[in-house]
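Take a look at the letters that make up each chain.
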Amino acid sequence: MNDFAELLDRLAFEPRRNAKLRLMEDFFRTTPDPERGYALAALTGGLSFRNAKPGLVRALIAERTDPVLFALSYDYVGDLSETVALMWPAPSQAGTGHNASPPRLADVVEGLSMTAKTELPGLLARWLDALDETGRWALLKLITGALRIGVSARLAKTAVAGLGGVDPNAVEELWHGLTPPYEPLFAWLEGRAERPEGLVVAPFRPPMLSHPLDEEEFSRLDPAEFCAEWKWDGIRIEAVRELTLEGRRIVRLYSRTGEDITGSFPDLCEALIAEDAFVGALDGELLVLRGGRVESFNVLQQRLNRKAITPRLMQEFPAHIRAYDLLGEGEEDLRPLPFAERRRRLEALVARLAGGRVDLSPLVPFASWEELVAARARPEEAGAGIDAEAVEGVMLKRRDSPYVPGRPKGLWYKWKHDPHLVDTVLMYAQRGHGKRSSYYSDYTFGLWRSGPEGEELVPVGKAYFGFTDEELKELDRFVRRETVNRFGPVREVVHTGERGLVLEVAFEGVQQSTRHKSGVAMRFPRISRIRWDKPPREADRLDYLAGLLPREGTMKTRAGKT
Amino acid sequence: MQARDILSLTPAGLYCPLADVHIDPLRPVPRALITHGHSDHARAGHGAVLATAETLAIMAARYGEGFCGTAQAVRYGEAVTLGPVRVTFLPAGHVLGSAQILIEAGGLRIVVSGDYKRASDPTCAPFEPVRCDVFITEATFGLPVFRHPDAAGEIDKLLHSLTLFPERAHLLGAYPLGKAQRLVALLRQRGYDRPVYLHGAMERLMQLYGELGIALGDLRKVEPGGRESLGGAVVLCPPGALQDLWARRFPDPVAAFASGWMRVRARARQRGVELPLVVSDHAGWDELCATIRETGAGEVWVTHGEEEALVHWCTREGLAARPLNMLGYGDDEAEAEAVAEEAVAEPSA
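Residue numbers (full-length UniProt numbering), protein chains in the order written: chain A, 1 to 562; chain B, 1 to 349.
Next up, chain B with everything else stripped away, as it sits in the complex:
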């Protein structure tokens, strides 16, 4: 049996015919395994869904309790048998509940890593490298210019700016799931114990993280139509809100944005960001390369992102590699994510 017999590419995404399940399907399917709660991976309307309890909770908060036919929670490391196939969810270190999925069949081990990172994150379990024959990886930051610096240093830039401009509110654009909570946790780790203010679209998931046991300290809502200038305060908002009417309620705010994209200056300028913070929930170039080596895989499939460079690197390392050119997770995944997140979250804002 070959890897391609176990996992194939269909218009709905990766499909395992032996178990009749799709992984992170792009359209409604009868049976789905979901790696994590970001809306381009976790969509509503499937029949049966298998995912971690946290991912299921995130999906329920997003789409309502009836987001699928039946939901089954799985613990990290717990093997589930689906016919001739054994699947195991393992931590991916991307966001709370995120998982890699190990698929074992016909003597082959295939890991679908979903989105992942190797840097430490106080809000989720760290990535566990798994030995496998085929490693399926993303390549969102699959270029050697994407070397993410230490996140604590980036948080210090924000703290420094707060002391430089104590009269200006610091609007910190961040994706509402994962990044926002990680930033608050990092701020707390650096000793920042003042209240952190939230755009309306940030509240629900922030609250959910609290319910799932992630302590984030004093969080407050920005009152609708409030006159308070929140000078010297950190205000978390979705990236799109930085250029929004919403941002104009603050006199002369500092526009900050935490994302791996901020590594490239033009990207930050295109968004009108003054204070770019390079904090990423995706693996940077060095992490991608190191992870591929650690898995010991002889074959690498690259799902989306800058696949060309990573495939080239693998080939040079003597690994069989192929790009899957998967659309739908977006060439520009983070951007797609931001748009999708806002579309979902905005009604409550």
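Isolated chain A, as found in the complex:
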């Protein structure tokens, strides 16, 4: 545990990707099995402990510290694990009389999965007593399930791949057939065993990603070399359907990071099982379709992140795939083929499908960039029709582009809509978490409306990014200086017509909301500019947002991404 804790601590302070890789590779090279395998599982988010929850940690610290001091500390540090690791009192010398040795990571993993729920608090407390601050922090991070050390699963797999000098995608394609502590994987990478083939049915293929279109580069591109598609406002999904050797039909659904999300979409999975014309791997967008119309992201969100997938949920929010690429068919890997060729194969496949759960993402016809600019500005008139509200821009794909995992340069571009902008007034601020912790970095802002007592500000949303570190310090100073009221961790800052701070907020759209006092919820709001120069009374009015509401977007919304 100590070595692993030290690795996490060093990774957390290391900003450079290559140095992170070196730290991890060194660790995997010098740490024995199964310790390194459990570390890999932790770094790739592959460990979860059913009975060990943040609540357990909170209960342990509550027994040992003053609740007010804990609340103030947590508010300041902005991270539960770190707060507890720092506040954990030294075990009393007179206590048990012996110094327990700190647990190994393998002890922790086994202990957490084997120990009865009632005995967990005692076990965890003994470990916390035996570890130093870094060890406690790492253990608690592990238990609360959020390492947040700037290492993606992909980066950890890349480091492991480095051990055997293989391409990270080779590890990725094996991944879903492996389980912690991954001994066969390490054995293969160290040349002690064969590649652990055949373990994975319906493997994940890392997706190809696009670059934002840069206006200057755009002017040099030749429209004849590109196809355009709508950029759908859903989530990226890969659907793989295979037959096992025994002829069993297997369907797996993966997120863009390779997470197996099959279990969340039994409706889609069942429909795909029945599609006997399809053996292969599709790349597309997961969307909710109702009455032949694509619903907004807000509606899709009500389907996502639900623990219980009830028949009612599936009926109310039916999941669909709008397909835009075909990565494999039968035994054939289509990824080396040019996009135009894959597209022909995809169109032919979708035409053979019967169930209506998969359709084709249409191409947007254009002969010149002017035509594409016009289509992007008015998708409803350029073929998107009633689905236009779910379009968030266009994708440009080179006709001759092979399917390259990762984010290769010069092949695919995303060209999003310009965001809406609104001048709001800062009303409340709260300290942030993670990177922003201990600064007032979560801002609630409002717009003007006519109230019973004249003009009043009504809160319309919250934003916690979009500013630079320098601007954050200035905002933090402003909040401290201009606080007029405190409600627990929330500070109310001055916001009259004359005194206060105007924040220009960028956002992607609005939705009616019963949860917000203002009746509207903004999508993806972020601070685009701080208007130190502008008096609050000149900020915008709520009517402006209300005017942006979609025609029939009267769904109850669950605000914000979770």
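Quick caveat, the hints were computed from the structure, so don't treat them as lab data. Glycine included, C-beta positions come from ideal geometry on N, C-alpha and C. Treat the hints loosely; a few may be bogus.
[Stated by the list, open to error] Reference excerpt, derived from the structure (chain B facing chain A, CB under 7 Å, subset only): (1) ARG131; (2) PRO144; (3) LEU230; (4) ALA233; (5) ALA309; (6) VAL311; (7) HIS312.
[Unchecked claim] With beta-carbon atoms standing in for the labels, derived distance ranges: (8) B:ALA290 to A:PRO15: 31 to 41 Å; (9) A:VAL166 to B:GLY210: 30 to 40 Å; (10) B:LEU164 to A:ARG195: 48 to 58 Å; (11) B:THR10 to A:PRO452: 36 to 46 Å.
Starting from the known structure of chain A, arrange chain B on it as the hints suggest.
Just chain B now, kept in the frame of chain A:
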């Protein structure tokens, strides 16, 4: 007579009407008592200033000889009578010359502790606890997450990193007054006798400490525009210089920062620090609590920092406590200090 009659809070800071003096005033006043030389406590432009000789020397080095109308030096423990009030300066252990100020009037003893710490520091006299009725304390690190570890252990982390990365210069960000000198002294105590290199902004105060009798060994200047990579060397610089153009002259340096704030990981990350060293010149949580108990004070005033938690603790201990919510020393004192120090020191860099 009540404590509030002896000391009141004015826009310029704490004020004693009986003696007509301010303590660490934020703006120019006719008569000032100064606890220590940090620029948010010791400002230029007052009429008469009473402080320790070291604090006066630091102020003169900072602001020039004419930093005030008249300056009077006072020794630790020496009582000075100002009308009906007796003031005594006692060591605060914060930086060289730093003092707590004991104010006695009408049978009451009030201690204005200024900034202080309890950990040992080879560059200044140790804090002396003083029995008093009212203890006025800072709370920069007034949360129970701020438990400063042994400074020697933190210095060992730096020494360990020097052996791990002998090819990389170790840029050590530190406040130029107090922290920088303490770090050099601690390095020397751990047996490190190689030259320590200095950013231009560090030189003047480092030299002043030497003149005031604090031996710091071989100190060298980083030559302006020098090509030397200083691999494996310790280079002291103001915290702001870590992200500066200045730092880019070193190929692949290790960014270290010595501060009590480094206890919280996010704080270190926000500054892009790779090697955080938890070395503080302010009292940590346990030191604040222990000191309040030792003074025997029945009443505690908290000047600045995380006052809410400390006031809560005092109340729970049965002590009368109130936050003064003093602005100007900054909610985030160390940050303010760093900015102020750099603004003052940069011209010579």
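Structure-based check of all given hints:
| no. | hint | in the structure |
| --- | --- | --- |
| 1 | ARG131 | violated (27 Å) |
| 2 | PRO144 | holds (5 Å) |
| 3 | LEU230 | violated (20 Å) |
| 4 | ALA233 | violated (21 Å) |
| 5 | ALA309 | holds (5 Å) |
| 6 | VAL311 | violated (10 Å) |
| 7 | HIS312 | holds (5 Å) |
| 8 | B:ALA290 to A:PRO15: 31 to 41 Å | holds (37 Å) |
| 9 | A:VAL166 to B:GLY210: 30 to 40 Å | violated (58 Å) |
| 10 | B:LEU164 to A:ARG195: 48 to 58 Å | violated (35 Å) |
| 11 | B:THR10 to A:PRO452: 36 to 46 Å | holds (41 Å) |
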